[in-house]
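A.B. asks: The whole structure should be built from the sequences, with the hints applied where relevant.
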Amino acid sequence: MEALKISTCFPPFHFNLKTPRFSRIISEKKPNFSFSPSHQQPHKSRFNLFTINIFNSTNEPQQFLPNDEQEISTKNEKNQEKEKFDWYTQWYPIMPLSELDKRRPHGKKVMGIDLVVWWDKNLEEWRVMDDACSHRLAPLSQGRIDQWGRLQCVYHGWCFGGFGDCKFIPQAPRDKPHVHTSKRACIAVYPSFVQNDILWFWPNTDPLYKDIHLSKTPPYITLLDDLTSYAKTTLVRDIPYGYEFLIENLMDPSHVHYAHHGIMKIGKIEVPNSVKGDREGGKPLDISLAKLDINGFIAKQGHDEHKFIAPCVYYGPFGVQSYLDNYESKEESSSNDTNRIFLVFICVPVSPGNCRLMMTSFRNFAGWEYKLFPPWKFHLDNNLIIDSDLYLLHLQEHKLREKGPQNWQKVCYVPTKADALVVGFRRWLTRYGGAQVDWGTKFTGDLQPTPAREQLLDRYWTHTINCSSCSRAYKSLNVLEIIMQIISVASIGIAAAAKESVMSIAARYSLVFLALLCFMASRWLSKFIYKSFHFHDYDHAFC
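In the UniProt record's numbering, the protein residues as written are 1 to 543.
Quick caveat, the hints were computed from the structure, so don't treat them as lab data. Note that beta-carbon positions come from the ideal geometry of N, C-alpha and C, so glycine has one too. One should not assume that every hint holds.
Okay, derived cross-link-like pairs now, DMTMM-like style, lysine to aspartate or glutamate, Cα gap no bigger than 25 Å in a straight line [to be verified]:
(1) 109 - 146
(2) 475 - 99
(3) 109 - 86
(4) 291 - 86
(5) 527 - 454
(6) 417 - 304
(7) 167 - 101
(8) 183 - 120
(9) 283 - 387
(10) 109 - 211
(11) 283 - 539
(12) 410 - 286
(13) 210 - 120
(14) 109 - 125
(15) 475 - 101
(16) 216 - 206
(17) 377 - 458
(18) 121 - 146
(19) 399 - 389
(20) 167 - 130
(21) 216 - 130
(22) 531 - 99
(23) 216 - 124
(24) 410 - 446
Here are the simulated distance ranges between beta carbons [what the hints assert, rightly or not]:
(25) 524 - 452: 22 to 28 Å
(26) 476 - 98: 14 to 20 Å
(27) 165 - 465: 28 to 34 Å
(28) 103 - 478: 19 to 25 Å
(29) 303 - 154: 54 to 60 Å
(30) 486 - 171: 46 to 52 Å
(31) 103 - 303: 44 to 50 Å
C.D. replies: What follows is the structure, given as structure tokens:
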């Protein structure tokens, strides 16, 4: 495996993290979910798992998960009650390296922290710093990288190095004292880590965490580094609803038949004539929680596993059976399992009511499509799927905020095993995470009012402008639209100005036909660009 880079506010160095090629697909320092005692903290409140007695009424179902899960819950309850998930001692992904331009700084928000990400050509690595100039707090992400490889603030020209130290203040006298050497001129630098071609950062600048990579690394996803066996495509999109609801939605296989009806091709189950089924083909699912602790949980669905590694990584079987856990023995299973499709989700908390999704889809068949077509072609389908339930999830979050996130188990009725994953996540979140993301003192937790539908479902600022493939396609298609309009106008002009002796009637009609054709194509292309890269509504009543 290639050498991984670690960057902190201290001098850089390089090291090799050796991982067997057919190791566990997702793992940290240890492959299990055991929690280091050094991170354990007393939990101020007690919370009983709602595997049973979800409702007080005797007329309602009292359980929907198997008895073995009750045994797991009871066995570890005393130890787990004392643990509390620390949201600020975790690795968080910022962006895939493929979407970061080394020529400019990038502004990103993660866990409510405004970050500037930039490539330090002197250190030859990505740096993650506070996005605020020490002078008068202007955002450094709006600046530039100068000819010396320094990060320059465009407000007054202050320049900074990769360790956060101020290198140059144009307004300061050239003779002593050198005010740029003051600690007050420095910028806070966060530890950062490149793994699976994704840039991660540790949201704490305390010197205690300068060597955090030695004891804890981001979840390593072996499959993301396999460039030969599988075809893959990655999508990154900012979403205007909370991190909790993004993970809930991804963990809910039952909603796909309904929320994405007409978009995703899903096989139907035959329903007996005695039962009045529906056109969408929803069906019972047998999902059960197998293990849950402070680091996440594992759930079983037949022979497959769903895994949530707190706080950001989730994967499971989608459509075709999951192949993640068979990766080590793929040669043995290749005869029985030919076509495989599966997804890896990385969910990033941004701020209350906002999150970021990094989704990578894999398949071991029809790989020629990913080679023949550019990524933006697949992003169109992915964005349509995201948009089809985005509005209702945004409203759903506001409704739960009114009731209180800690009351989720009281206001939501989840009597079937199909909801086991969602219940498992809410159980983990309530028991260990305080029922919601800990935003510290940055936010009150209140949500912004719901904007207009077109603004809420906007794709341009949430994806297009940040995606290298879609932004190129967007610019190219706009140029093509203008060229068609020019051809249309020019054809009409030539046909009208040309003398009869110079141009035949047939040629004149051909130019008029070309003008009409180009005009119609430009109008169609304009609508295509708008629906693909700006806004595409989805009306469930007629889908």
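A.B. asks: Each hint should be assessed against the structure and marked as holding or not.
C.D. replies: Hint by hint, here is what the structure shows:
1. Between the alpha carbons of residue 109 and residue 146 the distance comes to roughly 24 Å, so the proposed pair stays at or under 25 Å and holds.
2. The hinted pair formed by residue 475 and residue 99 meets the criterion: a straight-line CA distance of about 17 Å does not exceed 25 Å.
3. Between the alpha carbons of residue 109 and residue 86 the distance comes to roughly 19 Å, so the proposed pair stays at or under 25 Å and holds.
4. In summary, the hint linking residue 291 to residue 86 is supported, as the alpha carbons are separated by about 20 Å, within the 25 Å threshold.
5. At roughly 15 Å between alpha-carbon atoms, residue 527 and residue 454 fall within 25 Å of each other, so this suggested pair holds.
6. Among the hinted pairs, residue 417 with residue 304 is consistent with the structure: their alpha-carbon atoms are about 15 Å apart, no more than 25 Å.
7. Of the supplied pair hints, the one linking residue 167 and residue 101 holds, its CA atoms being roughly 23 Å apart against a limit of 25 Å.
8. For the suggested pair residue 183 and residue 120, the alpha carbons sit about 21 Å apart, so the restraint of at most 25 Å is met.
9. For the hint linking residue 283 to residue 387, the alpha-carbon distance of about 24 Å falls within 25 Å, and the restraint holds.
10. Pair hint residue 109 plus residue 211 holds up; C-alpha atoms about 23 Å apart against a cutoff of 25 Å.
11. A threshold of 25 Å between alpha carbons decides the hint, and for residue 283 with residue 539 the separation of about 23 Å falls inside it, so the pair holds.
12. Taken as a hint, the residue 410 and residue 286 pair is honoured in the structure, with Cα atoms around 23 Å apart against an allowance of 25 Å.
13. Pair hint residue 210 plus residue 120 holds up; C-alpha atoms about 18 Å apart against a cutoff of 25 Å.
14. In summary, the hint linking residue 109 to residue 125 is supported, as the alpha carbons are separated by about 20 Å, within the 25 Å threshold.
15. For the hint pairing residue 475 with residue 101, the CA-to-CA distance comes to about 17 Å; that is within 25 Å, so the pair holds.
16. About 16 Å separates the Cα atoms of residue 216 and residue 206, which keeps this hinted pair within 25 Å; it holds.
17. Distance restraint check for residue 377 and residue 458: the Cα-Cα separation of roughly 18 Å lies within the 25 Å cut-off, and the hinted pair is therefore satisfied.
18. Of the supplied pair hints, the one linking residue 121 and residue 146 holds, its CA atoms being roughly 11 Å apart against a limit of 25 Å.
19. With a CA separation close to 15 Å, the supplied pair residue 399 and residue 389 stays within the 25 Å bound.
20. Among the hinted pairs, residue 167 with residue 130 is consistent with the structure: their alpha-carbon atoms are about 16 Å apart, no more than 25 Å.
21. Among the hinted pairs, residue 216 with residue 130 is consistent with the structure: their alpha-carbon atoms are about 22 Å apart, no more than 25 Å.
22. Distance hint between residue 531 and residue 99 is fulfilled; the C-alpha atoms sit about 23 Å from each other, no more than 25 Å.
23. A distance of roughly 23 Å separates the Cα atoms of residue 216 and residue 124; the hinted pair therefore holds under the 25 Å criterion.
24. Distance restraint check for residue 410 and residue 446: the Cα-Cα separation of roughly 21 Å lies within the 25 Å cut-off, and the hinted pair is therefore satisfied.
25. As the Cβ distance of residue 524 to residue 452 is approximately 26 Å, the hint placing it in 22 to 28 Å holds.
26. In this structure the supplied range 14 to 20 Å holds for residue 476 paired with residue 98, their Cβ-Cβ distance being about 19 Å.
27. Separation of residue 165 from residue 465 is about 31 Å and conforms to the stated range, judged on CB atoms against 28 to 34 Å.
28. Restraint check, residue 103 to residue 478: a C-beta distance of roughly 22 Å satisfies the suggested window 19 to 25 Å.
29. Remark: the range hint 54 to 60 Å for residue 303 to residue 154 is upheld by a beta-carbon distance near 56 Å.
30. The supplied range of 46 to 52 Å is met by residue 486 and residue 171, whose beta-carbon atoms lie about 49 Å from each other.
31. Range check, residue 103 to residue 303: Cβ separation about 48 Å, and the 44 to 50 Å hint holds.
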